[in-house]
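J.: So the sequences go chain by chain: L and C.
Under my numbering, the letters of the first sequence match residues 299 to 600, in that order.
Under my numbering, the letters of the second sequence match residues 551 to 796, in that order.
Derived from the structure by calculation, the hints contain no laboratory data.
Yeah, the Cβ is synthetic: ideal placement off N, Cα and C, and Gly gets one too.
Each hint should be verified, as a subset may be incorrect.
Claimed, not checked - A partial selection of chain C residues facing chain L, derived with a Cβ cut-off under 8 angstroms:
id, residue
1, K553
2, N625
3, A626
4, F631
5, A632
6, P634
7, Q635
8, T636
9, K793
10, E794
11, R795
12, G796
Stated by the list, open to error - Ranges of calculated distance between the beta carbons of each label pair, as one might list FRET restraints:
id, chain 1, residue 1, chain 2, residue 2, range
13, L, K355, C, I718, 21 to 31 angstroms
14, L, S314, C, V779, 27 to 37 angstroms
15, C, L653, L, E472, 42 to 52 angstroms
16, C, N671, L, N410, 49 to 59 angstroms
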Amino acid sequence: MSTAVIQTTDLSFSFSNGIKTLQDVNLFVPKGSVYGFLGPNGAGKTTTLRLLLGLLKNQQGKLEIFGKEFSSNRVEILKRLGSLIEQPSLYLHLTAKENLDIYRLIYKVDRNRINEVLKIVGLEYTGKKKTKQFSLGMKQRLSIAIALLHQPELLILDEPTNGLDPNGIIETRELIKKLNREHNTTVIVSSHILNEVERMASHVGIIHKGRMLFQGSLPELQHMTSRQSALQIETNDNDTASRLLQSFSLKRVNDKLVLPFQTREQTAAINRLLVQHGVEVYALHAQQDDLEQLFLDITSQN
Amino acid sequence: MTKTKRSASFWLSLLGAGVIPTLFFLAYVIKPERCYSQDWDKHFIQGWQAFNAFLLPMFVILICSLILQIEYKNNAWKQVFASPQTIGNIFFSKYLTIVFMILFLFVVFNIFMLLSAIIPNFFYSKFTFLTKSIDWSQLYLLNLKTFVSLLAIISIQYWLSLRFRNFIVPIGIGLALLVTALILYQFRWAHIYKVPYAMTVLTLEGALETRSTGPVLQNHELNSIGYFVFFSVLAFLDMRYRKERG
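Just chain L, same shape as in the assembly (with noise of 0.2 angstroms):
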């Protein structure tokens, strides 16, 4: 059993409203993992992270960060950690060198650092550019900075790719994949694309309507899916191929052969029973949504 640096037990809680933005939320996550915490919008992710940042309130619950109880040992918790919620936090009418600076002096870290976070993340060239001219990619980009400053053991990012083109979701991506390996720095991101968890995640939380669903490494939940993977196959001749193959529960999707997948050697024996009758495959695999599937399942069953 590894070490946990965040660790909650029971975490519920309620805005004002009265109704229950989270229930007996159980989340752990390991040292040194990428933990991606999914839920659609409005499951609880955001209030989750504010939790464990101290932006709210614990009501119910038990919260442990480095193994200590979060309201006890606040400060010293957070000088560990860096953080980016929602939408960026950056002073608009200061350069990205004065946003740093403004950090840099709270976390007391040297002046150096500020130049190397922004070579980190790609704005070393920004200059006297005041922060307001900066497009939303950059923004993003700095306040990753921001939070990188003081070397955190610990990275809590909520939906950090968050309306940044293509270019800046890989680079995003790649960066945290990058402090987790180099320096083991555990990151925990939340997000609702499902696509981008699997790319970086280890271990994956799924959460919907303030309740856990799911936690585990990431081959769990992969193991989980292939148990309803499907297998696409694409001929020259289907109907032959649907009659060779009538004994599979076949479905016939546009111009495609679609079965369930039991398992690799069965993938095989499928394909040589079809080229030894004649039938010319063009392709043959795996269906690449399963992950999506999976979600939509688990949660429309909540």
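Model the placement of chain C on the given structure of chain L, informed by the hints.
T.: Just chain C, lined up with the frame of chain L:
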């Protein structure tokens, strides 16, 4: 303090400090013959009278709101509260920034008032500013007493600006209280010395009367300190125990 760089509060301080001295300067330069009877005493008293009554409290109301709005506008409160600073630290650093801006205003006002008298004197030698000396201890006392009487307003406006995200609410409330206080002052209400927003104007009245006699701090100034302590504690507890921060 870096956050106030190039922000509205800096320019407001310069503007606030410059208005009255500029008017005096213009009066001296445009109609000098009417002003030759002016001496340092009258110059400062008249200047502070105009300053204390409305401009200074108004400035404090605006500066408290503006300094805190830097965070609201930039959505930065959440980053401030998620940084490793105690709540006390966050509370006092903002408070100190406001006090510093007000002191800056005082300094600039004094300098501008000096210049507004000295410069015309270079051109119109019939003025006596350059030949007569300034009663520095009186001037210092006036500054000090005015600042003390301002403490009540500072604390109330700080509390209001922390409580309300909306820019206009604390300004509206402050303005309403200020106007009410000035009206009560005009009517010579018996309990006027308890009204926080009237304290600056009372200080000037008191300064004229108790020149070299009497205690340094009068009743209303002591009351101002009392209000300051009360509202500061209230504002701190508000920040400390609030359910939602940032």
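J.: Given a cut of 8 angstroms on the nearest C-beta pair, is the interface hint for T636 (chain C) held or broken against chain L?
T.: Result: holds, 6 angstroms to nearest chain L Cβ.
J.: Double-check A626 (chain C) for me: the hint is only fine if its C-beta lies closer than 8 angstroms to a C-beta in chain L.
T.: A626 (chain C) check passes; min Cβ-Cβ to chain L is 4 angstroms, inside 8 angstroms.
J.: Please verify that hint: P634 (chain C), Cβ, nearest Cβ of chain L, below 8 angstroms or not.
T.: Hint on P634 (chain C): holds, closest Cβ of chain L at ~4 angstroms, below 8 angstroms.
J.: Per the CB criterion, is A632 (chain C) less than 8 angstroms away from chain L?
T.: holds (4 angstroms)
J.: So, K553 (chain C) near chain L? Judge it on the closest CB pair being under 8 angstroms.
T.: With Cβ-Cβ at 6 angstroms, under 8 angstroms, it holds.
J.: Holds or violated: is there a CB of chain L closer than 8 angstroms to the CB of G796 (chain C)?
T.: holds (5 angstroms)
J.: Closer than 8 angstroms between Cβ atoms is the bar; does N625 (chain C) clear it against chain L? Give me holds or violated.
T.: holds (5 angstroms)
J.: Any CB of chain L closer than 8 angstroms to the CB of E794 (chain C)?
T.: Check passed: Cβ of E794 (chain C) comes within 6 angstroms of chain L, closer than 8 angstroms.
J.: Less than 8 angstroms between beta-carbons is the criterion; does F631 (chain C) satisfy it with respect to chain L?
T.: holds (6 angstroms)
J.: Looking only at beta-carbon atoms, does the pair L653 (chain C), E472 (chain L) fall within the given range of 42 to 52 angstroms?
T.: Since L653 (chain C) and E472 (chain L) have Cβ atoms about 49 angstroms apart, the given range 42 to 52 angstroms holds.
J.: Between K355 (chain L) and I718 (chain C), does the beta-carbon spacing fit 21 to 31 angstroms?
T.: Distance hint for K355 (chain L), I718 (chain C) holds at roughly 27 angstroms.
J.: With chain L as the partner, please determine if R795 (chain C) meets the hint condition of a C-beta pair closer than 8 angstroms.
T.: Given a least distance of 5 angstroms, the restraint on R795 (chain C) holds.
Violated hints: none; the structure is consistent with every hint.
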